[in-house]
Amino acid sequence: MSPRRILEIIGAVELVTLVLMLGNLITVHQPEVSQVLGPVHGLAYTATVLAAVLVMDGRHRVWLLALLPGIGGLLSARAASSRRTPSAGGA
Numbered sequence: 026m027s028p029r030r031i032l033e034i035i036g037a038v039e040l041v042t043l044v045l046m047l048g049n050l051i052t053v054h055q056p057e058v059s060q061v062l063g064p065v066h067g068l069a070y071t072a073t074v075l076a077a078v079l080v081m082d083g084r085h086r087v088w089l090l091a092l093l094p095g096i097g098g099l100l101s102a103r104a105a106s107s108r109r110t111p112s113a114g115g116a
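In the numbering used here, the protein residues as written are 26 to 116.
Treat the hints as calculated values from the structure; they're not laboratory data. Please read these numbers as outputs of a predicted model, since none were measured by experiment. A few of these clues could be false.
[To be verified] Per label pair, the in silico range of CB-to-CB distance:
1) L45 / S107: 27 to 33 Å
2) G63 / R86: 17 to 23 Å
3) S59 / L92: 19 to 25 Å
Glycine is no exception: its CB is placed at the ideal position from the N, C-alpha and C atoms.
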């Protein structure tokens, strides 16, 4: 599995946990849901930033995007792959 794919998965987990936490807060506000999703989201956010630092390949934009809560992991995965173009070969 490529590092970019791992960053995409972790970013998706981060986004889903944030949406679920906010949905819980807006609707029923069950403390048990917040007690479970809060730490999971925190770990996913931390893992997103760490994965982005490992994938950044000299580009600071990748890990800076990962600092955005929620969507930052997905944005940094996209930024990590945007510069990977095949080198021009020729004679």
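Hint check:
no. : hint                   : in the structure
1   : L45 / S107: 27 to 33 Å : holds, 29 Å
2   : G63 / R86: 17 to 23 Å  : violated, 29 Å
3   : S59 / L92: 19 to 25 Å  : holds, 23 Å
The structure fails to meet hint 2 from the earlier list, while all remaining hints are met.
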